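4 protein chains.
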Amino acid sequence: MTAPTHRWPVAVLGATGAVGQAFIRLLEGHPWFDLVEVAASERSAGKSYASATRWLEGALPSAVAALEVKACTPEQVKAPIVFSALDSSVAGEVEAAFAAAGRLVLSNAKNYRMESDVPLVIPEVNGDHLALLTQQRANRGWPGGIVTNANCAVTVAAMALAPLHTAFGVTKVFITTMQAVSGAGYPGVPSLDILGNVIPYIGDEEPKIETELVKLLGTYNGETIVAAPIVTSAHANRVAVEHGHTVCMSVAFERAPTPDQALETLRAWKGFAAVQGLPSAPVPALVVRDELDRPQARRDVNAGNGMAVTIGRVRADNLFDLRLVAMAHNVVRGAAGGSILNAELLVATGQLDGLAAS
Amino acid sequence: MTAPTHRWPVAVLGATGAVGQAFIRLLEGHPWFDLVEVAASERSAGKSYASATRWLEGALPSAVAALEVKACTPEQVKAPIVFSALDSSVAGEVEAAFAAAGRLVLSNAKNYRMESDVPLVIPEVNGDHLALLTQQRANRGWPGGIVTNANCAVTVAAMALAPLHTAFGVTKVFITTMQAVSGAGYPGVPSLDILGNVIPYIGDEEPKIETELVKLLGTYNGETIVAAPIVTSAHANRVAVEHGHTVCMSVAFERAPTPDQALETLRAWKGFAAVQGLPSAPVPALVVRDELDRPQARRDVNAGNGMAVTIGRVRADNLFDLRLVAMAHNVVRGAAGGSILNAELLVATGQLDGLAAS
Amino acid sequence: MTAPTHRWPVAVLGATGAVGQAFIRLLEGHPWFDLVEVAASERSAGKSYASATRWLEGALPSAVAALEVKACTPEQVKAPIVFSALDSSVAGEVEAAFAAAGRLVLSNAKNYRMESDVPLVIPEVNGDHLALLTQQRANRGWPGGIVTNANCAVTVAAMALAPLHTAFGVTKVFITTMQAVSGAGYPGVPSLDILGNVIPYIGDEEPKIETELVKLLGTYNGETIVAAPIVTSAHANRVAVEHGHTVCMSVAFERAPTPDQALETLRAWKGFAAVQGLPSAPVPALVVRDELDRPQARRDVNAGNGMAVTIGRVRADNLFDLRLVAMAHNVVRGAAGGSILNAELLVATGQLDGLAAS
Amino acid sequence: MTAPTHRWPVAVLGATGAVGQAFIRLLEGHPWFDLVEVAASERSAGKSYASATRWLEGALPSAVAALEVKACTPEQVKAPIVFSALDSSVAGEVEAAFAAAGRLVLSNAKNYRMESDVPLVIPEVNGDHLALLTQQRANRGWPGGIVTNANCAVTVAAMALAPLHTAFGVTKVFITTMQAVSGAGYPGVPSLDILGNVIPYIGDEEPKIETELVKLLGTYNGETIVAAPIVTSAHANRVAVEHGHTVCMSVAFERAPTPDQALETLRAWKGFAAVQGLPSAPVPALVVRDELDRPQARRDVNAGNGMAVTIGRVRADNLFDLRLVAMAHNVVRGAAGGSILNAELLVATGQLDGLAAS
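Protein chains in written order, with full-length UniProt numbering: chain A, 1 to 358; chain B, 1 to 358; chain C, 1 to 358; chain D, 1 to 358.
So that you can see chain A by itself, here it is in the shape it has in the complex (with noise of 0.2 Å):
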């Protein structure tokens, strides 16, 4: 890891929500970035942010507070790297824009996900996957770029797999998720529908976990990613928790480990080597518990300032061969966290050089 020789200035589009939010909250004291401006819908434009946004935890920086909220064009926003926590209802035509303007676009937004020449990355788990920027350059005619992070619900399953399937070949996996109200955004989920229950439906996050579960683990063979040849079917759902999305797994190997084996494996995992040493990288990126309880969302969220996945209960499966629990921050990781680890390995590995010239 070489740490970049200057500071790089970037902003936040969308940066009124929940994961806007959480993007200036991680980006405090960011010993590389520099957020200098924040954009959300023309009708915060203008405004101060303070005045703009109603700040969900903790205090809001004095220094962002002061900030006036600009429009979401490449014209208004004049940032290399552009942070993006927009809704998908948006975020298709302004993160084209961005990108065309020469922007390096890191999306939340499930837009771009699945497309052959956009980076779906959680650092980790497939870092090298960064690499597709230059297809899609090439393909777009961009001289920028857009990298997206994965959905919240599948970025703790993969992150849990990713070890497990390099070294025994995953093949099947049930997924049953169970999945903190963040997730949903502010104002999200009403309260009368959440307290003291749990809703079996999430619009959407079945098919967007066992699709982008395949490309994370999947190969790039230095034109495309081949996905990953796992068959998943998953049940997601939505429990009275604020922060953290439970994962409960069952799954099926080429070469099946024992428990103690995946457990070794699980601990001894550090992911895509250039990820080692940037600021945001949990140590370790798995904190394997040993207690039979573990992991809980209110009580390991946290672990690895929210960018650590917690996982628990490896042990064997009368159907497939383990069964495991992994649990990590929808927000940290599975959104905002996710997104900077992205543009600092990024930077890391000199992949917005040509960017920052421009």
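You may find that some hints are simply not true.
[To be verified] Dumping the calculated DSS-like pairs for lysine-lysine here, alpha-carbon to alpha-carbon at most 30 Å:
id, chain 1, residue 1, chain 2, residue 2
1, A, K172, B, K208
2, B, K172, A, K172
3, C, K208, D, K172
4, C, K208, C, K270
[To be verified] Here are some of the chain C residues that sit facing chain D, going by a computed Cβ distance under 10 Å:
id, residue
5, L195
6, N197
7, Y201
8, A240
9, G244
10, M249
11, L319
12, V325
No lab work stands behind these hints, which were simulated from the structure alone. Small disclaimer: the values here were computed from a predicted structure and weren't measured. Virtual Cβ for every residue (Gly too), placed ideally from N, Cα, C.
Given chain A's structure and the hints, the job is docking chains B, C and D onto it.
Only chains B, C and D this time, still in chain A's reference frame:
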């Protein structure tokens, strides 16, 4: 269904706990049974029920409030039908003593469930298994007998799977549960453990689900129960819900139905014929909902006065054949109400006639 | 109480919201009223009620599911008795139009509550205030009229204070409320705001409590309501409770009762005589509990089918004379059920006879 | 403030409970104190701390995990500074034994709080009351001593009232609390009692609030504490919040301030001078927020690392002079953190110098 020619006096053992209280609520105004005795631990014996109990829901029926709490012995408790909400640490000996003394014990404890000569019964699912009482009496020399309820989580799964198993032959099931805190009794789960949290572990629950399911869906061949040839894998979780266990399942079949065929089968199901018309039998036994986001614990838990199982999200599965979600009241259908329905079925089918004479 | 000689057709305005749905639940099977029309905003008009509504609790009555949603105008909606669950942003004009068209509107909106010629009525507390309708019709030239419900939090306080005020003369009250999320309607309070939280503010709630209380406990002198000479101070809080507002009060009196005298008065209270025997009138109206830790929202909210107020912890106060806690169902007693009881009282006392003729 | 010239070894009694665990978390990396001993009941003594404890939040510090749990006797536990999280059922004798053995005990138990020669101290509020240790040693012949923390709810109220009392003379206070479940320890409040509920009673809490407040705001006259001439009335409630007690107050004064004067006083307050700069002293001690809907337990509980009190909604009162809301972390500011700050103040002011020699 034949209504009995006389009212039956009944007793509740373990009457001060959460399930014991549910028995008392459900027996109030029962058309066939008169609650005449309540019994609990030595610590409570001799007190009035009102003073021995921290009553948890609604108003304590005044006739019960005044009952003297007896010790849990067949000498003290005289009723021929005995509902047991005893903890498994004491249920083994106490229930045997009552059976030996000629009483019919309807037990919620796990102790005898998997004994080969003890019926484990959900009336609509396997009411014919009650015939095992004949073997039990012969084997053990008990003039009375023990009939057990299933675990509260497996009850939900078994009710939903029973019609599908009959029609299409279930072969494999993945089960992930999200269970209410009342399943752990009172005081049960500490609030510091479950507020805003998911606990991905319930002691001994997964093995119960896996073993009880195949007995429940098994076949009585005139002598014994032949377990259903189904392999199951369970993930049990505790969530911040008061009442209502939600169960996500992926199911493989010998003859895979389409989702529509499965829905038709579920909607048409009536279960074991002799259950029709029993006082506590819900109509329908299975409530199938079309909304994408149902069943929901808080909103559907009281369907059929807490005795119905609500089913939704019947859809194709990528790995097996079908996915679906089922939910029911763990304390009513999954415990006290299930025992009462068992007793009604025994009475209606004349299987307690000898007992009546004793 | 005289039962009416004919059934009354009734309509619900604002039928798709949380309070509108409560009207529909409570009117199902009503002995005097037939729900024949539902109306809502333009967006819903013309659809079937089932398709226009996200039904929140239990099962939608099938007769209502099929009703076509009408627009909220007296031309479209013909019923002589109209229950209004309209938002205050539109209730002002719409309710006046119905009153001008000869309908009796029972309103949950705040718009007309403090008008000097509009009855603000909790039947047991001040059913005699309905006589103000005569002045209202004279003043406004309305052949129909508007009768309002109190705010849901002040309803709880007023029911508990009414008998004490009559007997001992309340002079000062401190009121701290802990209010359920359903008081904010649907979608209402975002789950991210209230899970594991207390919000010590509810917009406009404290002034409503302070001003409505003295009108409710005021005296009708044949012409107008003379406000009760009580000074109040309110602290309104939102808590993570589904239904049931809890209210802590410290009360000063002209003639201070002992706690025992207060308890005796509360237990003996029947309220306005003409309310006795009305279909929705709870018996008793006040449930006084002796346990130290009651009332509790979740456990007592359905007392008297949601129409009773539960009171506990009546004890001496160090600064004023008495402290006590009261709790009731904010959607039933505090909104829809209160309106229905108002309508029943109007019918039973013949105050709608002219209306019937229209 | 003078930093100590040497590090102090410290011990925690009652180390396995919720407050004991908070001590351990807060002492990790403490600049002045080294946690060298943990002690608990006989049942735990002899085990490693890790095996004796169900650790509730975050990660157990590894150095503590390995400590052997000792019995709670001054023979076993040697540290000169002893933090006590003992239950009141045993704290009386045990804490006296440690004081008699020359140790300075910082106690969270209620046993000695109201003794006339025992300091009941919130450092910023009444740090000068620590001088009472001189009388205590003289009276009791203890070479060590006992210093107590206030009840967790009254701590919140006293911090908010202290500057107002100094400036304007508080005479009367109505206090309604909404207290977090962690205030009841672990396992504490059963989830079946508090999910979706408010419990309007906490055993013995209201008298504690009423009596401790006037001692805390009282005056040390060189010999004893003269209680503040304030009459209080408390309503204590338990709510479904993990951490953070919210307190609504109506306050009367000798010289009534306007809300703006009160806000200015609260914002300017620094408290007892010797507390400035202590390692655990929050800056500011009081966080005054302008938003209408703050403080909020979940969002503000960690202000000042859990040591600050957050205040909002300062407004006029109809009956007294001012209304306001205060909130703080009951386990940190209201228990373990308060004790540690007391110890820091004793060290910094040289009041433990003799102890150091022992």
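How the hints compare with the structure:
1. At most 30 Å may separate the alpha-carbon atoms for a hinted pair to count; K172/A and K208/B meet this at roughly 25 Å.
2. Our distance criterion of 30 Å between C-alpha atoms is met by K172/B and K172/A, whose separation comes to about 15 Å.
3. With a C-alpha separation of about 25 Å, the suggested pair K208/C and K172/D falls inside the 30 Å cut-off, and the hint holds.
4. Under the criterion of a C-alpha separation no larger than 30 Å, the hint pairing K208/C with K270/C is consistent with the structure, at around 26 Å.
5. About 7 Å separates the beta-carbon of L195/C from the nearest beta-carbon of chain D, less than 10 Å, and the hint is met.
6. With its C-beta approaching chain D no nearer than about 4 Å, N197/C sits inside the 10 Å limit, and its interface hint holds.
7. The restraint placing Y201/C at the interface with chain D holds, with a minimum CB-CB distance near 4 Å, inside the 10 Å limit.
8. Restraint check, A240/C versus chain D: the minimum CB separation of about 5 Å is within 10 Å; hint holds.
9. Given the 10 Å rule on beta carbons, the hint for G244/C holds: about 8 Å separates it from the nearest Cβ of chain D.
10. The criterion of a C-beta within 10 Å of any C-beta in chain D is met by M249/C, whose closest approach is roughly 8 Å, and the hint holds.
11. Annotation: L319/C was flagged as interfacial toward chain D, and the flag holds, the nearest CB pair being 4 Å apart, inside 10 Å.
12. Hint status for V325/C relative to chain D: holds, with the closest Cβ pair at about 4 Å, below 10 Å.
Of the numbered hints stated above, none is contradicted by the structure.
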